[in-house]
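Model the full structure from these sequences, guided by the hints.
These protein sequence lines are chains A and B, in that order.
Per the numbering used here, residue 1 is the first one in the first sequence, and the count goes up by one each step.
Per the numbering used here, residue 106 is the first one in the second sequence, and the count goes up by one each step.
Source of the hints: derived by calculation from the structure; they are not laboratory data.
Any given hint could be a false lead.
Pairs of lysine-lysine residues, derived as BS3-like cross-links and limited to a Cα-Cα distance of at most 25 Å, are as follows [said to hold, decoys possible]:
1. A:K20 to B:K222
2. A:K9 to B:K219
3. B:K222 to A:K105
4. A:K69 to A:K24
5. B:K252 to A:K69
6. B:K206 to A:K33
7. A:K20 to B:K219
8. A:K11 to B:K219
9. B:K206 to A:K69
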Amino acid sequence: MASNSIKMKAKAENGETTVKALIKHPMETGRRKDKETGEAVPIHYIKEITCSFQGEPVLTAEWGPTISKNPFLSFTFTGGAAGETVELSWTDNKGNSETASATIK
Amino acid sequence: MNTNMKRRLFLKASLATGAVGLVAGTGLLTPRTVLAAWNTAAFNAESVGDALKAGMGSDAVTDSAEITLDIPDNPENGAVVPVAVATTLTGVQSIALLVEKNVKPLCGIFYPGKRMKPGLSIRVKVGESADIIAVVKAGDKLYSARKAVKVTIGGCG
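Right under this line is the structure:
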């Protein structure tokens, strides 16, 4: 699945798969002011994120705006082999969402 | 996924099918918004205790050496503080990350599925030098580890 915001890699080693994902997202806290206009930048952040393998969620998470801009997430799960796919999707507070998948290497 | 989460999802899903059926024609609600389980109370809480009560069910935590937190001592830039948390505790239901002095301390709650090894790496914002706290829920009990970080540039402004 094509995705502009998610860069994801998954690598299988010793019966475990490590997923590394980088998501392009502003993660605005709503407390930052625009330097030129002085107006507060509206709050905009990823609220929910799910990573699944073979249709089963491996990790689900709820995030607040204090996760850094362009979030990086890495974790490991048991199982997974080269050629299989992992899927990651996020939803933000404005209702945008995106899904991407990566082939395990 | 732990049983609590499953039950929550199941309840929400069954409620949602009813609700979506009713509002499907109006286009006002999508199944996604109905299903959203995001814990507003926990993320809006302004103290670690309140965030834990709302997000993890209790603020009674025990310090545990079985949780490791890997965070640089002086990350300098508070906007991007790398945090790696891992635990050898078994039966992990959820992992919460909090920054003590942030206006809203709760950064995120992670629910590992059956396959996941309880540990992850992420980057968080730290408003001012403070403790970063990881709270792990395992066997319906809360365990925590904390580490103080010093930032020279606050990450929330």
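How the hints compare with the structure:
| no. | hint | in the structure |
| --- | --- | --- |
| 1 | A:K20 to B:K222 | holds (14 Å) |
| 2 | A:K9 to B:K219 | holds (21 Å) |
| 3 | B:K222 to A:K105 | holds (19 Å) |
| 4 | A:K69 to A:K24 | holds (8 Å) |
| 5 | B:K252 to A:K69 | holds (22 Å) |
| 6 | B:K206 to A:K33 | holds (20 Å) |
| 7 | A:K20 to B:K219 | holds (19 Å) |
| 8 | A:K11 to B:K219 | holds (19 Å) |
| 9 | B:K206 to A:K69 | holds (19 Å) |
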